[in-house]
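The residues making up each chain are set out below.
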Amino acid sequence: MTLNLFDGLDILLDSKPEAPTSGIYRNVMLTPHALTSAARRMFEADYHLEDISGLDAAEGYLVTYHFDRFDNRNSTGRIAVRVLVPHKEACLPSIAAVFNGAEWHEREIMDFFGVTFEDNPNPAALLLPELDDSTPLRKAADKRRRLRELIQPGTIIFKAASFDVFDDEAPAPVAETNQGSCEQPDCP
Amino acid sequence: MSTHSISDQISGDYYTCRFEEGRSEDTLILNMGPQHPSTHGVLRIILELEGEYIVRAEPVLGYLHRMHEAMAENRSYVQYLPNMGRVDYLHALAWNWAYVGAVERLAGIEVPRRAEFIRVITCELNRLSSHLLWWGAYLLDLGAFTPIMYAFDDRERILDMLQSVSGSRLTYSFFRPGGVAFDLPQPFLDQVKAFIPYMRNRLPMYKTLVTDNIILRKRCEEVGWLPLEMCRRYGVTGPVLRGSGQSYDVRRAEPYGVYPELAFGIPVDGHGDAMARYLVRMAEMEQCLDILEQVIDAMPEGEFIVKGAPKARWKAPAGEVYFAVEGARGKIGVHLFSDGTATPYRCKLRAPGFSNLSCFAEMARGTLLSDAVSILGSLDLVIPEIDR
Numbered sequence: 001m002t003l004n005l006f007d008g009l010d011i012l013l014d015s016k017p018e019a020p021t022s023g024i025y026r027n028v029m030l031t032p033h034a035l036t037s038a039a040r041r042m043f044e045a046d047y048h049l050e051d052i053s054g055l056d057a058a059e060g061y062l063v064t065y066h067f068d069r070f071d072n073r074n075s076t077g078r079i080a081v082r083v084l085v086p087h088k089e090a091c092l093p094s095i096a097a098v099f100n101g102a103e104w105h106e107r108e109i110m111d112f113f114g115v116t117f118e119d120n121p122n123p124a125a126l127l128l129p130e131l132d133d134s135t136p137l138r139k140a141a142d143k144r145r146r147l148r149e150l151i152q153p154g155t156i157i158f159k160a161a162s163f164d165v166f167d168d169e170a171p172a173p174v175a176e177t178n179q180g181s182c183e184q185p186d187c188p
Numbered sequence: 001m002s003t004h005s006i007s008d009q010i011s012g013d014y015y016t017c018r019f020e021e022g023r024s025e026d027t028l029i030l031n032m033g034p035q036h037p038s039t040h041g042v043l044r045i046i047l048e049l050e051g052e053y054i055v056r057a058e059p060v061l062g063y064l065h066r067m068h069e070a071m072a073e074n075r076s077y078v079q080y081l082p083n084m085g086r087v088d089y090l091h092a093l094a095w096n097w098a099y100v101g102a103v104e105r106l107a108g109i110e111v112p113r114r115a116e117f118i119r120v121i122t123c124e125l126n127r128l129s130s131h132l133l134w135w136g137a138y139l140l141d142l143g144a145f146t147p148i149m150y151a152f153d154d155r156e157r158i159l160d161m162l163q164s165v166s167g168s169r170l171t172y173s174f175f176r177p178g179g180v181a182f183d184l185p186q187p188f189l190d191q192v193k194a195f196i197p198y199m200r201n202r203l204p205m206y207k208t209l210v211t212d213n214i215i216l217r218k219r220c221e222e223v224g225w226l227p228l229e230m231c232r233r234y235g236v237t238g239p240v241l242r243g244s245g246q247s248y249d250v251r252r253a254e255p256y257g258v259y260p261e262l263a264f265g266i267p268v269d270g271h272g273d274a275m276a277r278y279l280v281r282m283a284e285m286e287q288c289l290d291i292l293e294q295v296i297d298a299m300p301e302g303e304f305i306v307k308g309a310p311k312a313r314w315k316a317p318a319g320e321v322y323f324a325v326e327g328a329r330g331k332i333g334v335h336l337f338s339d340g341t342a343t344p345y346r347c348k349l350r351a352p353g354f355s356n357l358s359c360f361a362e363m364a365r366g367t368l369l370s371d372a373v374s375i376l377g378s379l380d381l382v383i384p385e386i387d388r
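So the protein lines, in turn, are chains Y and W. Taken in order, the first sequence gives residues 1 to 188; the numbers are from the working numbering. Taken in order, the second sequence gives residues 1 to 388; the numbers are from the working numbering.
Think of the hints as simulated: they come from the structure by calculation, not from any bench. Treat the hints loosely; a few may be bogus.
As the list claims (entries may be wrong) - Output of the computed footprint for chain W on chain Y, the stretches with three or more beta carbons under 8 angstroms from beta carbons of chain W:
#	region
1	21 to 30
2	123 to 133
Unchecked claim - Keeping only pairs whose Cα atoms sit at most 16 angstroms apart, straight-line, the calculated EDC-like set for lysine to aspartate or glutamate is:
#	chain 1	residue 1	chain 2	residue 2
3	W	K207	W	E286
4	W	K315	W	E73
5	Y	K143	W	D141
6	Y	K159	Y	D14
7	Y	K159	Y	D7
8	W	K218	W	D141
9	Y	K139	W	D297
10	W	K315	Y	D168
11	W	K193	W	E286
12	Y	K139	W	E110
13	W	K307	W	E73
14	W	K193	W	D290
15	W	K193	W	D297
16	W	K315	W	E286
17	Y	K143	W	E73
Stated by the list, open to error - Rough simulated footprint, nothing fancy, chain W against chain Y, three-plus residues with beta-carbon under 8 angstroms:
#	region
18	83 to 92
19	136 to 146
20	149 to 155
Since this is a predicted model, take the numbers as computed values, not measurements. Glycine included, every Cβ here is placed at the ideal spot set by N, Cα and C.
Isolated chain W, as found in the complex (with noise of 0.2 angstroms):
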């Protein structure tokens, strides 16, 4: 097996050499990425190009892989937390909560009450902060330039209350098995109060401004169209599922923590194109905003962490034990073995990144190149999630 086979005809690396294996008579090969603006992070697509049309594209993976589950074999349970918020780093506490919520399950650990709200305010907050940046860099990428702007200075707001709680600003560690690291102060709450009518009033701005906008409308309807079907063949979920029809939500489905007293709808758009997957995440930052209210206010006292929570030589004990939540992206699993000792036997992380982009290359076939860059970006891939 060798890296480059050298020709007249075939040039390139390992992966542009297999592909160009497949390729007919005039066409282009182009690499799009590693470092391509719209591929955000280190996502690379090689594309067979007829005129502007896609003929085929595969998308190639691993410039961001830090094989973090060979990671979770060399340390104890508790330490491989920090871990989590490198995963995916726009919406870090769903990470945390999908692993401490497999360990919870695998050792019978009851979270304090108090700690279920306080996991559902930050995780909240994460997800709308991790939509903001998705909807400024989305515009971004199609070439307007002034909503990033917007969605950075409302995302600096989430950012500072949960810096002020957690300690950190993007990688998160913020929950602990049985609860969480901090208790929440009364300041953060009042913080978090006066945020949502300021963001309530900014939603309708930026869909008069954004979401109404012709250009932007053009460059996302009818584009990138992915059939239910389709999505059940490669596993897709999250927004990118709910824009094409299917209501269904691991909150709701695979219920965890508070969530089942917790009254909130599934925002779905039957349409299939990246125009749906789009709408159903600026009415998702909506449904964000009435799930804080209701937890604000209902919020109890009491400890925010059990006692006796697994500390850093913890032993778990010996089984299997699979535990999905529902993050920014989609469904998030932890498939964990332990065998009784103080590290993880086996840890298998389940990026919904990994498989909402898994079916890319069948949705770009026959597209226009510069509607690549729009399909991209409506599936908002984090890709440290993806290779891990």
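Excised from the complex, chain Y in its bound form (with noise of 0.2 angstroms):
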């Protein structure tokens, strides 16, 4: 069933990376807009959300969801399932409203990334003073590193011609700035 859970979505990466050395064992790459129903067919697989990581790289800012299952027996193990956004437009779909506890995760990163997650039901700041940017876990441009150096895809099932994040002679990413975000929310 795993096999084709994604099938008919914009996947730009499905790969197998080594499980026993990274606790990861599969890996999808999607664009923004098919988040939400690779959400929805995680949901309707039986699978939960175990949390949403954020990181900042070279690329744009990785976002990765954990899902994992229940029950033993029919768990094919952890899936990170990631979008990559760039640093002037970071903005996702929310899947709040497929997995609640999505809602909490996705203020945090809010909180620490400055990336906004579009139609999330409550976005207030989470852990941060509510009028505090100081973003802590964005990174200076020139302390970022490409996803390459961080990630190792493993054994690669399905990759889109236009995607060579992972590609060794793909070039090098210009470096951006910090500022710009979708438009923020209306708050109080």
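Fit the two chains together into the complex; they arrive one by one in their own frames, and the hints show the way.
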């Protein structure tokens, strides 16, 4: 069942990392607009959302959604669903309508990275003070590393032609400044 | 964006103002916490009440936020270890384990067998002390004062034992990538051996005096109903999930250490109410003793830390790793990115209490205010872990 879990969605990369050395059994990179449909399919396939983990890399913000199942027998192990958003328009759709627990995880990433999640039901500051815009986990442009220095995609099952982040000869991304995210939702 | 909106109808801080916007007529807005005695530590919950019933609830976090994840990015791998004991001070050793486990998986470090046993002994003792504190504090929330005195008496014995080997009583940083900081001396093992029958005698007393008590049952039974499907929507794990009938334990689902060699069941209760979560934790205390008994007898000789274990300026190989362990409150996860330097590039901490609390708003809807106290206690919240 999990093999065709992402069929028909806009996949950029589907790979199997070395599970014993990474703890991740499947690695799926999606385009941001495929995210909510993917979340819905994960929900229907009995997965739960473990956490959402942000990362500031040279290519942009990589947001990783970890999914796993409660029933050990049918579990294929942890699936990392990832989306990459550029620093300049750091905006993703919210999956809180599918996995309600995502609301807090998304708000945490808004606090720490300044990535906004559209349609988050309550996009207020969660852990940082409400007027704090220090985004403590953003990195200075010269401190950012490229994704292929940080992640081993493992055995590649599928790769979209346009997706060159993990290619050896991929050109280095242009250093981007931190400013700009999509329009902040109105807060009182 | 203004912090305070001053008008005749709406007043209060940022969160109260936001919360007031969705308010219906003839309801009362009540701030419970951050200094409320049943919110243990500094959790704040804004409630909308209609009479004694909760219409809406919203937890407000961040009062104990210390940005542990950013601290990981400005110190070396080994220097970050003391932070772990401060994330969740009640089950510090499980956080120790989650972090050193992630580093070991990243660098491919093999842990000596004796060290694996030492980890199980200390981690299970710590789990027991965590459950004991939860038990005492929960009953205190529900108005029973005496049990916490008994719980602290037992817990004190565990703390004394763990202090004798680790040097600290609460915020342990006893594990090391590649093993543990000190070997367990024979007197310690004898103390644990003597403690097991002592604790086995105490638990039936707690059952007769407290668990079977009609007042406790009235406060917990059919209160805070949490269906399994809701657990999945919120990512609830640990005893809270097992109280909803799902037999899920990271020690079995993603085995680590020597847990696959040990015989222990996963206590489950399908009722999904506060009482079910209570009973699961009580059963887990017995299970901790069973595990301790097995490992103490099978303890092998050997090294307690691998030769050439990472030192202060050790450089980790580049890569990404996720490592999960079962803490007293559920699945603890460490998601680590390394760029090959001596400092983690990024360290994400998955706190079980964070997900467990996130379902509170939905669970509390329509319940009595006094039941909210019972529900919060049954989730076993440790706020520094939630806020990190």
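We went through each hint and held it up to the structure:
{"no.": "1", "hint": "21 to 30", "verdict": "holds (count 4)"}
{"no.": "2", "hint": "123 to 133", "verdict": "holds (count 8)"}
{"no.": "3", "hint": "W:K207 - W:E286", "verdict": "12 angstroms, holds"}
{"no.": "4", "hint": "W:K315 - W:E73", "verdict": "14 angstroms, holds"}
{"no.": "5", "hint": "Y:K143 - W:D141", "verdict": "48 angstroms, violated"}
{"no.": "6", "hint": "Y:K159 - Y:D14", "verdict": "6 angstroms, holds"}
{"no.": "7", "hint": "Y:K159 - Y:D7", "verdict": "13 angstroms, holds"}
{"no.": "8", "hint": "W:K218 - W:D141", "verdict": "14 angstroms, holds"}
{"no.": "9", "hint": "Y:K139 - W:D297", "verdict": "50 angstroms, violated"}
{"no.": "10", "hint": "W:K315 - Y:D168", "verdict": "24 angstroms, violated"}
{"no.": "11", "hint": "W:K193 - W:E286", "verdict": "14 angstroms, holds"}
{"no.": "12", "hint": "Y:K139 - W:E110", "verdict": "33 angstroms, violated"}
{"no.": "13", "hint": "W:K307 - W:E73", "verdict": "26 angstroms, violated"}
{"no.": "14", "hint": "W:K193 - W:D290", "verdict": "11 angstroms, holds"}
{"no.": "15", "hint": "W:K193 - W:D297", "verdict": "9 angstroms, holds"}
{"no.": "16", "hint": "W:K315 - W:E286", "verdict": "41 angstroms, violated"}
{"no.": "17", "hint": "Y:K143 - W:E73", "verdict": "11 angstroms, holds"}
{"no.": "18", "hint": "83 to 92", "verdict": "violated (count 0)"}
{"no.": "19", "hint": "136 to 146", "verdict": "holds (count 3)"}
{"no.": "20", "hint": "149 to 155", "verdict": "holds (count 4)"}
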